[in-house]
Each structure stands twice: as C-alpha cells, then as structure tokens.
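Participant: In case you want the letters, here they are:
There are 2 protein chains.
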Amino acid sequence: MNVQLALDRMTIPEAIEMARTVQDHVDWIEVGTSLIKEFGMDSVKAIKKAFPDKVVVADMKTFDNAKYEFELCYQAGADVATVMGAAPLVTVETCMDTAAKYGKTVMIDLLHTSADQQAYLFRYETAISCMHVSKDEQEQKGHALHSTFHAGELTALPDGLKLAVAGGITLQSLPNLLEMRPFVVIVGSAITKAANPRQAAFDIKQVLEQHKEIRING
Amino acid sequence: MNVQLALDRMTIPEAIEMARTVQDHVDWIEVGTSLIKEFGMDSVKAIKKAFPDKVVVADMKTFDNAKYEFELCYQAGADVATVMGAAPLVTVETCMDTAAKYGKTVMIDLLHTSADQQAYLFRYETAISCMHVSKDEQEQKGHALHSTFHAGELTALPDGLKLAVAGGITLQSLPNLLEMRPFVVIVGSAITKAANPRQAAFDIKQVLEQHKEIRING
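Residue numbers (full-length UniProt numbering), protein chains in the order written: chain E, 1 to 218; chain G, 1 to 218.
Worth flagging that the hints you see were computed from the coordinates, not collected in a lab.
Treat the hints loosely; a few may be bogus.
Which copy is meant is left open, so a pair is good if it fits within one copy or across any two.
[Claimed, not checked] Calculated cross-link-like contacts (lysine to aspartate or glutamate; reagent style EDC-like; alpha-carbon spacing at most 16 Å):
hint: 1; residue 1: LYS54; residue 2: GLU71
hint: 2; residue 1: LYS67; residue 2: GLU93
hint: 3; residue 1: LYS104; residue 2: ASP79
hint: 4; residue 1: LYS193; residue 2: GLU137
hint: 5; residue 1: LYS101; residue 2: ASP79
hint: 6; residue 1: LYS67; residue 2: GLU137
hint: 7; residue 1: LYS67; residue 2: ASP8
hint: 8; residue 1: LYS54; residue 2: GLU17
hint: 9; residue 1: LYS67; residue 2: GLU139
Pulled out of the complex, with its shape left as it was, chain E reads as follows (with noise of 0.2 Å):
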C-alpha cells in the first residue's frame, strides 16, 4: 500500500517544501491538476527533480489528444499520468498505449462513470483504477464521503485489480476504506492543510503499517 500526497492549489516552490517535509512517510508525490493548469509541465519536471527517488504521478485528467497529453508528462518525468474514464474509449486506449511505450503507468479516474463504464474500464490490468470524490461534491455535500466506498458493495471488483483512492481522505476514514485493500491512498488535504502536516502523514503511514501487520498475523 502506497501513500500518494497530491498537491494542489499551491506554488511550485510551496509544492516542493510540503513535499520535502513529508517525504518520510509518503511514498508517491502527485502533482495536482491545478499546478498542472496553472504552471504547465514545469510542475511536473520541477517536483521529478526535486524527488528523483520518489514516484511522481501527473493528475493530466486527460479526455482528449491522449498521445499528446500522456508524453508531455512522460517526457518531463512523470512515472503515471491519469486519464478520465470519462473520456471516449479511444482515449484511454491510447493513454495505454503510450504508457506501453515508455514503460510507465496509466491511472484511470473513474469520476462520474458509470457502473457499466467501470465494468469496462477494469479490464485494463496494468493500470491503477482510481474510486474518487471530487472536491466539487466533497464541498457540495460535506466529508466522509467514502462511506459510500465501502468494501461490501465491492464484490465487483475484480481479482488482482491495482485499486487507488482518492477525495477528502482523512485519519479516520482511513481504516473504512483499507478493507478495499487499495494499491494507492491518495491524501491531500488531510495532509497538507493539517496544523503539523509531517506528523499527519506519519500518522497516517503508520495506520496502513498497522493495517498490513494485522493483515499478515491475522
């Protein structure tokens, strides 16, 4: 299990610094669609080399010119860029087929897909399927929104599927959602508006560590 930080509405250089005072206990850095849309691609290059070691996840939310989008953040250093699930077939299709290419990854978002969308969508093995929140509706209809996640209406979900989630994830609806066994906890906010936001990711790390003991000795 891997946490993921996303940084978002922030500078470059205040992505950077929450990243370096976390770095201990998160796993992969994202660098959030609105860095991405205010800064363009020097987001993604500057926080690669900041983190060299780190996997660095480009949220592009690509629905369109897939080949495109999916090399510019390839090419300044992402390791897994995202595509809507939204978006017509042809496009994750060639966000696959672009990440074969280089040999990285493609996290498919499914924000507002449908069941049989998902059904679909899950086929695509090598990549992370990512159950997300948005923020519009976190805001719209208050937190705790992944109690709508949880794992007993999972049984579709299909054997060895790398699971990422994502929206308004916090210290305590972490263990709800560990059921899923995902493959990515996404933290945003959570973290990086927290009063002491190395001691939020610690806390956080330390409840998937628990998770993964109890799950191992259990």
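Start from chain E and add chain G according to the hints.
Facilitator: Then chain G, alone, in the frame of chain E:
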C-alpha cells in the same frame, strides 16, 4: 456566427504568431488544452495581452475544482472557459456561478455525454453548448465526422440554444454544419496546418458570411 481559432500543439510564441497572421478573419481565439497543460496560465495571459479586443476562450476542460480553475482562467484574462459536460453536475453548476460572478461565459463541452445529459445541460441558457468530436475520435475514425451532426438529427435542440461545433471542421464540412445555425464554429488544423493559414481563415469566414446573407435574403 463566430469563427473560433483553436490553437493547440504549439508554443506560446507560435500561437501568437499564428493568431496574428489570421486575426482579420477570426472572431474568437481559443487557447487550446494542450497549451494550458504545457505552459499553464501564462498561455492565456499572453494571448489576451496580444489580442485584448478578441474574445479569448480558455479550453480548460474542467472536470473538478471548478471555482479554482475558472477563477484562474478569468483572472488570466479569458472571456470564456470550458467545462466537461461529462463532469458531475455540481462542477458545471459551480462553473456557471463563477462565470456569473465575473460577468464571463461558460462553454460546456458535450464530448462523450449521453442524450439525457445533453438535455439536462441545455437548460443552462447563458452557456454555450459545444458539440465536439474529439481529436482522438477523429484519428481513430478518419475525418468528415461531422456528418453525424446534421440538422435532421438535431430537432431536440431547444430554441435559442447557443451552439458551438468543434472537431476536425474543414471548408468542405462547413456548409452542412451551418444548417445547425451555430453561434460559434471552432476551427483548428484546417487553418493552422493549411499551406496558407490566412487564406484558409478568409475562405472559412467567407462561407459563414455567405450563409448569413442567404438566410437573411432567402
């Protein structure tokens, strides 16, 4: 009827140079998604600064974080910004609210939306609704895709809808499209990749003018 010049897959200086070449024959200038993701808001700022009297469209393709992303665009000088119709409704609503606050405009990109989603989105009367064949779909299926968008199929479009059409539009496919009475015709490579972009823009604008005259006098 307005011609919107879409600028994609080029640098900011190249985009300014291209827009300067054809500016007499286009009405709106679109900063393409690829420019935004490659260079950030500097692309929007540079285009608005170079063409303060043109309507500047930021093809942001917002899918989440609507208020933040739309404020970025409008503060950078965009007059219009785009949101995906496939996004959660709260995201589209937030774009509409942000546009109202700034006295600016939303374009809703209908790419990969269902008929039901479209019918709902057409309720936003102050928005421009964009019928869009994506680049990836064009590359998959070949050109002349706008044969699928002919007037006979569009009886469901409400009166007064501000329609935009986009995706591989050429001088040849234009007459058919004009039957839909679009408010905006978005043209990219048919101008930017033409041997003589200024002539190509002139030819497209002339077809629009002729069509307008026929409708007025006919």
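Participant: Each hint needs a verdict: does it hold in this structure or not?
Facilitator: Now the hints, each set against the structure:
When the C-alpha separation of LYS54 and GLU71 is checked against a cutoff of 16 Å, the pair qualifies neither within a copy, at 19 Å, nor between copies, at 31 Å. Taking the shortest Cα distances, LYS67 and GLU93 sit within 16 Å of each other inside one copy (10 Å), while across copies they are farther apart (30 Å). In the homo-oligomer, the alpha carbons of LYS104 and ASP79 lie at most 16 Å apart inside one protomer (6 Å), although the nearest pairing across protomers, at 37 Å, exceeds that limit. In this assembly of identical chains, the alpha carbons of LYS193 and GLU137 never lie at most 16 Å apart, being 19 Å within a copy and 40 Å across copies at closest.
When the C-alpha separation of LYS101 and ASP79 is checked against a cutoff of 16 Å, the pair qualifies only within one copy, where the shortest distance is 13 Å, while the shortest distance between copies is 38 Å. Taking the shortest Cα distances, LYS67 and GLU137 sit within 16 Å of each other only across copies (12 Å), while inside one copy they are farther apart (29 Å). Proximity of LYS67 and ASP8 under a CA criterion of 16 Å is satisfied inter-copy only: 13 Å between copies versus 24 Å inside one chain copy. For the homomeric pair LYS54 and GLU17, the shortest alpha-carbon distance inside one copy (15 Å) is at most 16 Å, but the shortest distance between copies (39 Å) is not.
Taking the shortest alpha-carbon separations for LYS67 and GLU139, only the inter-copy value of 11 Å comes in at or below 16 Å, while the best intra-copy value is 33 Å.
Hints 1 and 4, counting from the list given before, are not met by this structure.
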